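Protein chains in written order, with the UniProt record's numbering: chain A, 1 to 549; chain B, 1 to 68.
Hints listed in this document are in silico derivations from the structure and should not be mistaken for laboratory results.
In this text the structure is predicted, and so the values were computed from the model without any measurement.
Glycine included, C-beta positions come from ideal geometry on N, C-alpha and C.
You may find that some hints are simply not true.
[Stated by the list, open to error] Listed below are the simulated EDC-like cross-link pairs for lysine to aspartate or glutamate, each with C-alpha atoms no more than 20 Å apart in a straight line:
no., chain 1, residue 1, chain 2, residue 2
1, A, LYS380, A, ASP358
2, A, LYS87, B, GLU30
3, B, LYS8, A, GLU519
4, A, LYS443, A, GLU433
5, A, LYS381, A, ASP360
6, B, LYS8, A, ASP522
7, B, LYS8, A, GLU474
8, A, LYS87, B, GLU27
[Stated by the list, open to error] Simulated restraints, written as ranges between beta carbons of each label pair:
no., chain 1, residue 1, chain 2, residue 2, range
9, A, LYS532, B, GLN16, 18 to 26 Å
10, B, PRO28, A, HIS275, 48 to 56 Å
11, B, LEU37, A, ASP136, 37 to 45 Å
12, B, TYR15, A, SER186, 54 to 62 Å
13, A, LEU80, B, TYR15, 24 to 32 Å
14, A, SER194, B, PRO28, 53 to 61 Å
15, A, PRO491, B, VAL33, 28 to 36 Å
[Stated by the list, open to error] What the simulated footprint calls covered on chain A by chain B, stretch by stretch (three residues with Cβ under 8 Å from a Cβ of chain B suffice, anywhere in the stretch; the number is not a length):
no., segment
16, 62-69
17, 111-121
18, 465-475
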Amino acid sequence: MARTAANGNLKPHLNQNGLKREDIKRNGYHNKREKDCPGTGVASRQHKQECFEQAPMYVAVMTYLGFGIVTLFGYFRDFLRAVGIEKCHLAQERQEQKDFVPLYQDFENFYTRNLYMRVRDNWNRPICSLPGPVFDVMERVSDDYNWTFRFTGKTLHNVINMGSYNYLGFAENNTDFLKTVADKISQYGVGVCSTRQEIGNLGIHEELEQLVATFLGVESSMTFGMGFATNSMNIPALVGKGCLILSDEVNHTSLILGARLSGATIRVFKHNNMHSLEKLLREAVCSGQPRTHRPWKKILIMVEGIYSMEGSLVRLPEIITLKKKYKAYLFLDEAHSIGAVGPTGRGVTELFNVNPVDVDVMMGTFTKSFGAAGGYIAGKKELVDYLRCQSHSAVYATSLSPPVTEQIIRAMKCIMGNNGSTEGIRRIRQLAENTRYFRARLKEMGFIIYGHEDSPVVPILLYMPGKVVAFAREMLERRIGVVVVGFPATPISEARARFCLSAAHTREMLNKVLHHLNEVGDLLCLKFSRRKHSSRPGLHDETELELSS
Amino acid sequence: MALGDCWKSLSWFYYQYLLVTALYMLEPWERTVFNSLLVSVAGMAVYTGYVFMPQHIMAILHYFEVVQ
Numbered sequence: 001m002a003r004t005a006a007n008g009n010l011k012p013h014l015n016q017n018g019l020k021r022e023d024i025k026r027n028g029y030h031n032k033r034e035k036d037c038p039g040t041g042v043a044s045r046q047h048k049q050e051c052f053e054q055a056p057m058y059v060a061v062m063t064y065l066g067f068g069i070v071t072l073f074g075y076f077r078d079f080l081r082a083v084g085i086e087k088c089h090l091a092q093e094r095q096e097q098k099d100f101v102p103l104y105q106d107f108e109n110f111y112t113r114n115l116y117m118r119v120r121d122n123w124n125r126p127i128c129s130l131p132g133p134v135f136d137v138m139e140r141v142s143d144d145y146n147w148t149f150r151f152t153g154k155t156l157h158n159v160i161n162m163g164s165y166n167y168l169g170f171a172e173n174n175t176d177f178l179k180t181v182a183d184k185i186s187q188y189g190v191g192v193c194s195t196r197q198e199i200g201n202l203g204i205h206e207e208l209e210q211l212v213a214t215f216l217g218v219e220s221s222m223t224f225g226m227g228f229a230t231n232s233m234n235i236p237a238l239v240g241k242g243c244l245i246l247s248d249e250v251n252h253t254s255l256i257l258g259a260r261l262s263g264a265t266i267r268v269f270k271h272n273n274m275h276s277l278e279k280l281l282r283e284a285v286c287s288g289q290p291r292t293h294r295p296w297k298k299i300l301i302m303v304e305g306i307y308s309m310e311g312s313l314v315r316l317p318e319i320i321t322l323k324k325k326y327k328a329y330l331f332l333d334e335a336h337s338i339g340a341v342g343p344t345g346r347g348v349t350e351l352f353n354v355n356p357v358d359v360d361v362m363m364g365t366f367t368k369s370f371g372a373a374g375g376y377i378a379g380k381k382e383l384v385d386y387l388r389c390q391s392h393s394a395v396y397a398t399s400l401s402p403p404v405t406e407q408i409i410r411a412m413k414c415i416m417g418n419n420g421s422t423e424g425i426r427r428i429r430q431l432a433e434n435t436r437y438f439r440a441r442l443k444e445m446g447f448i449i450y451g452h453e454d455s456p457v458v459p460i461l462l463y464m465p466g467k468v469v470a471f472a473r474e475m476l477e478r479r480i481g482v483v484v485v486g487f488p489a490t491p492i493s494e495a496r497a498r499f500c501l502s503a504a505h506t507r508e509m510l511n512k513v514l515h516h517l518n519e520v521g522d523l524l525c526l527k528f529s530r531r532k533h534s535s536r537p538g539l540h541d542e543t544e545l546e547l548s549s
Numbered sequence: 001m002a003l004g005d006c007w008k009s010l011s012w013f014y015y016q017y018l019l020v021t022a023l024y025m026l027e028p029w030e031r032t033v034f035n036s037l038l039v040s041v042a043g044m045a046v047y048t049g050y051v052f053m054p055q056h057i058m059a060i061l062h063y064f065e066v067v068q
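All chains should be built: construct the whole structure from the sequences, respecting the hints.
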């Protein structure tokens, strides 16, 4: 069946898997290459833009081989430490208490002790400037293989920052832009010295909440001092025992912690997989609670706007349809997507043209796109009023500090374009352009990238533990700061480097980063992608169609 | 000049070997231990092959009745 695509061209005939017939004859391995690539259908437009390519088999084998060798050496070193040939740098019990119940769980720290400690110079690097598009890193060296560090006193200047969540570039120290923030410090001071319910409710907080509600297009909102605490402290107020939470596989720890604290039953569905979610919903509605078969008090679907480790976008229209069909509630965590996606920066609801009223609880943070700290929950007035009384965070936590609140207000007003200024729209457009350019060039070079085309979070898959470490070190030598993530945060065989693009990055900075990525990719053999991408714009759609099915 | 290129190429291959087997993360003495083990096992395999190859080949030829 032929369909017209967004650009109006009539796409050629596709068979059941969305592949052209010639492709199947040419290469029998088509279906095995890509997991999660669907067939044709109305909802598959997002699928086409979001394919998670699998690496060749030898890459997985070598990853496990690498981990196996390091594990063996880990056991060997532990043996040497136990026997006493080698000095143990970790905390140990006193000699007199060796027979007591162990205080330090030796085996659980195996991974930390034997893998992380060897290479931990790539994490926790101290920064001594503003985390803008470029920053300064303090140089540090280790004399005993990363057990202790010392600073040489030198600073690495103008390292390009590809790791900060600075999507719209609001982490800046320009005195003109920050004038209102300085005024608020002279007016309110810096500390609030009370909780929201006691004396900590300042006029500026009310102003911020009104602004957030207008920005998102909902009735009312409430702000909290810490983004993580917004999730973990408010979910227990919304659901309790006898409720069901359906949460995505790769949800953030704050959502998981909030869900566990609430005492509700948690069931996990496969990442962005609507069939899995529908199956769980059906089963929940038909069978009810586990032993008594009473109907669930509430069913809450928890998803995120942009998943920070995968870079994928949530399938919002489909989830809204499912939610309405099975009468469940939706909790949308827009920590990374608010301000960063959508034509005017309103997040995934705007990107997918969904009415914000359809999402029951909209949550987000101010840490990423607004360059401040804190989080918010927005929705109907009854919901927010209930949370004001019942949430732990609202009652016991200190409210947002005044200069931070003013920073959020000024950033939001900038995005909304107050006084007719176009600075906000310019930044949003710059971010979208940077995202498209960066992703297109990376795919062309042959790296395996996860995630949706419009998402400013770009994970490059590195797989092998040795390469992960070498990548981070090589990039720092070339004056580019990247964040690499390995095992506990990602599946064991899918270590990655995560790039966060910013509106403050200029085209030359991106070109410099891409040039060095190309070099490092060749040096370390990181270009695992087996798809062919044409760099000619006319043919680009054609090849996308052939291979991405 | 050719020797220089050869050395560079070998050096690059050794670097790839270190990365793939994750020896890059280990300390130098651990790398020496692993490399010695690998070389000794490979050496033993090659030596065994060298010693027993004539016998094996004669057995195969005898089985296929090429030689009596």
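Now for the hints, and whether the structure bears them out:
1. A:LYS380 x A:ASP358: holds, 10 Å
2. A:LYS87 x B:GLU30: Distance ~16 Å between LYS87 of chain A and GLU30 of chain B Cα, so the pair holds.
3. B:LYS8 x A:GLU519: holds, 16 Å
4. A:LYS443 x A:GLU433: holds, 16 Å
5. A:LYS381 x A:ASP360: holds, 11 Å
6. B:LYS8 x A:ASP522: holds, 15 Å
7. B:LYS8 x A:GLU474: Cα-Cα ~18 Å, so holds.
8. A:LYS87 x B:GLU27: holds, 15 Å
9. A:LYS532 x B:GLN16: 18 to 26 Å: holds, 24 Å
10. B:PRO28 x A:HIS275: 48 to 56 Å: holds, 52 Å
11. B:LEU37 x A:ASP136: 37 to 45 Å: holds, 44 Å
12. B:TYR15 x A:SER186: 54 to 62 Å: holds, 57 Å
13. A:LEU80 x B:TYR15: 24 to 32 Å: At 28 Å between Cβs, range holds.
14. A:SER194 x B:PRO28: 53 to 61 Å: Distance hint for SER194 of chain A, PRO28 of chain B holds at roughly 57 Å.
15. A:PRO491 x B:VAL33: 28 to 36 Å: holds, 30 Å
16. 62-69: With 5 residues in contact (Cβ-Cβ under 8 Å with chain B), the coverage given for the segment 62-69 of chain A holds.
17. 111-121: Answer holds; 3 residues pass the 8 Å Cβ test.
18. 465-475: With 5 residues closer than 8 Å to chain B, the segment 465-475 of chain A meets the three-residue bar; holds.
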